[in-house]
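Hey, can you work out the whole structure from these sequences and the hints?
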Amino acid sequence: MDLNRRDLLRLLGVAGLGAAGGGILSGCSTATAVAPVRSGAASLGLWTHDPGYASYFTQAATDAAVVGGSAWTFGVDVTSVAPADIVSRLVTQAVAQRPLPDLAGLVIDQFPRVMRAGIAENLFVDLTALTAPLGDRLLKTQPYTVDGKVYALESDNSISVMFYRADLFDELGIPADVGTWEELLEIGAEVAADTGQAIGMVANGDNGSIVNGFTQLLLQRGGNLYDAEGNLAVLSDEAVEVLELMAEGVRTGAFVALADPYGGAAAAALKGSRLVATVMPNWYEVYGLQANAPDQEGLWRARTIPRFAGGGHVASTMGGTAFAVLKDQPLTDAATDFLHRSYLTEEGQLARYFAGAYMPTLVDLYDAPEFQEITDPYLGGQRVFEVFSAAAADMPLFYQSAGASVLRDSLGGPVLRAITGQVGAEEALRAGVRTYERQVQP
Amino acid sequence: MTKPSPTTDALRTPGIPRRRDQRQWAPYLFISPFFLLFTVFMVVPVGAGIYLSLTDWAGLGSPEYVGLANYSRLLRDASFGAALANTAFYTVFAMVVVLPLALLIALALDAKGLRLRDFFRLTYFMPVVLSPIVIALIFGLVFDGEYGLLNATLEALFGVGGVSWLTDPWWARVVVVVLVLWRWTGYLTIFFLAGLQNIPRELHEAAELDGAGVVRRFFAVTVPQLKPVTAFIAVTMLVNTAQIFEEPFLLTQGGPGEATLSVSMFVYRAGFQRQELGYAAAAGVVMFVIVFVLGRLGTRAFGVGRNR
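Protein chains in written order, with this note's numbering: chain A, 1 to 442; chain B, 1 to 308.
These are calculated hints, taken from the structure and not from any lab test. Keep in mind that a hint or two might mislead.
As the list claims (entries may be wrong) - Coverage of chain B stretches by chain A, computed from C-beta distances (three or more under 8 Å per stretch; other residues unrestricted):
no.	region
1	57 to 64
2	192 to 204
3	256 to 270
What the hints assert, rightly or not - Straight-line Cα separation of at most 25 Å, DMTMM-like style, residue types lysine to aspartate or glutamate; simulated pairs:
no.	chain 1	residue 1	chain 2	residue 2
4	A	K327	A	D126
5	A	K327	A	D337
6	A	K271	B	E64
7	B	K227	B	E208
8	A	K271	A	D295
9	A	K327	B	E64
Where a beta carbon is used, it is the ideal one built from N, C-alpha and C, also for glycine.
Below, the structure is given as structure tokens:
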């Protein structure tokens, strides 16, 4: 056979395209069914970004109080994966029909990625049968719901409250029980004018931080980014009011604008006692306050957030990580049972709090004696669940949609311009919505 | 006339074609590893990417063929326009500022009698080997609007400060290009320095004897002699900057808003934050075409690969 260079290249090109086509076609094929393991040893593959969850699940797997009576003997095989990579790798592994974990931790802002094109439905077990019997007792299922089905269970209720420096509030004459944001902002403006200290912070760094900070207050005010059906709901009176409040706070100095609420600037603001209060979720006490200002142990306290005069809640929420069970794996049933026991039972939630201070998602547990008796040394020995109980009872609902990351990028710039007073609140929101609607078809 | 010996024919006839076949196949066999790898890792991904760009695909299930809809959407997408404009800004800056500056530093390092030459080389090269994450953290601390070192210094020295380096759209772009400048100038300097050290001293001496001053010698001797190196650096820098990702991603994540978003970040965002793989592929194809055209133009302009 005669073969010249041109023929060889042609042959290789055709072979390559054939290989690509074959790969794509094989990606579309269905996986071979595997026999489920009904009992016995179950070493569950777990992908998570947070060593805290790895540690909790590893402990829980052998904790008789959590897994006692199960048909399986659990073990956990942890793989540490960055938050964004978890979804990417789940999808690519599924397409390539490569091994998947049994449990995967999905950070809340990554979940919208699986809300598109039936990804959640194809990858994850529908957990609605586990959550439905709990009804309103179970908090924070909405962000992980697609077409009415719950695909992941929240690990930490992420309740936003107001942390404040009790010593500085006394010194500056700020009442710890101010009723509304409007009153507090007025006092904050005076404090800022007198001492340069701030009673809150707003993020002005990346789009994620900016929009998260705005959303936290928006939820508290009773607004939302999306409604329960996933329709855009950000253009509202509540949103305008919140944005105006943030802009006013920055203008008067009551709020300090920081690029990163967890980074160097926040550490400096905390250490220098410039920031005397902040509204953040429960986990900020560990990752923000204790991490940046360990020397201020005993000086901080927590309280519910002052209401807006126009209404809303005394609490909010920001962040979170939920765990999903992968479908059609040999250990899918075992993983579902394990997640149910460790996340939806009182024993599991108690163990979770003591393992990593993860707030219960069962609302009535906040009043249980085991929680009510907990005191927090960093918060001056305060019985924190007195605060969190009131907050949990008034938690706003938070809805997501597949276009949430587009919304974050669309709103980031306009919200920042509104906060810094370059444009009005309503104008900024309209600009953000216009950008969003150009990219996301209704 | 003697009849040819059948024994001789029997020995020759089957053997000659076999050797000819072997000779014909051997070169292809030797060069095939390259073409095989090239096909698998270049032709197939590019082909798959082009095909994907004509589909709507979130990653699971079958890609739905949508024709040129993704390209049409790109044309109307203000974010993509912003990413293109930002990338053009970075690229122009790199070509107009970074490249000449690297040459100037290389000239300074090549000066006769320079002390601590190796120390300077090391210093200028250091940013290249530092982790981009560390660099972004340090730049974040330096350029922070409230507590940054730069604002504090400006305040202390000149009584002015409070510049929103990372949160003002214009200044954020400036900080990104400062990072590009800081990170890549030293690296390019090394190439220029190597080129300068290869210029025969005799050429400078001859020009000096002819009465050429420093500036004249630079343009008449150094620049022409450096042309191959300059061409390589320019084309490499052009292509790399057109695909800039790390600097804006780590420093500002494309913000504030989309003020520092680059085309590579746009592709990443569409693919890995929004699960719009077909759309990301379309943006990738457009970026590929732009980079390819720029690369070809650069190659042609600088005469890379042209026979002398």
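Hints versus structure:
no.: 1; hint: 57 to 64; verdict: holds (count 7)
no.: 2; hint: 192 to 204; verdict: violated (count 0)
no.: 3; hint: 256 to 270; verdict: holds (count 5)
no.: 4; hint: A:K327 / A:D126; verdict: holds (9 Å)
no.: 5; hint: A:K327 / A:D337; verdict: holds (13 Å)
no.: 6; hint: A:K271 / B:E64; verdict: violated (54 Å)
no.: 7; hint: B:K227 / B:E208; verdict: holds (21 Å)
no.: 8; hint: A:K271 / A:D295; verdict: holds (9 Å)
no.: 9; hint: A:K327 / B:E64; verdict: holds (24 Å)
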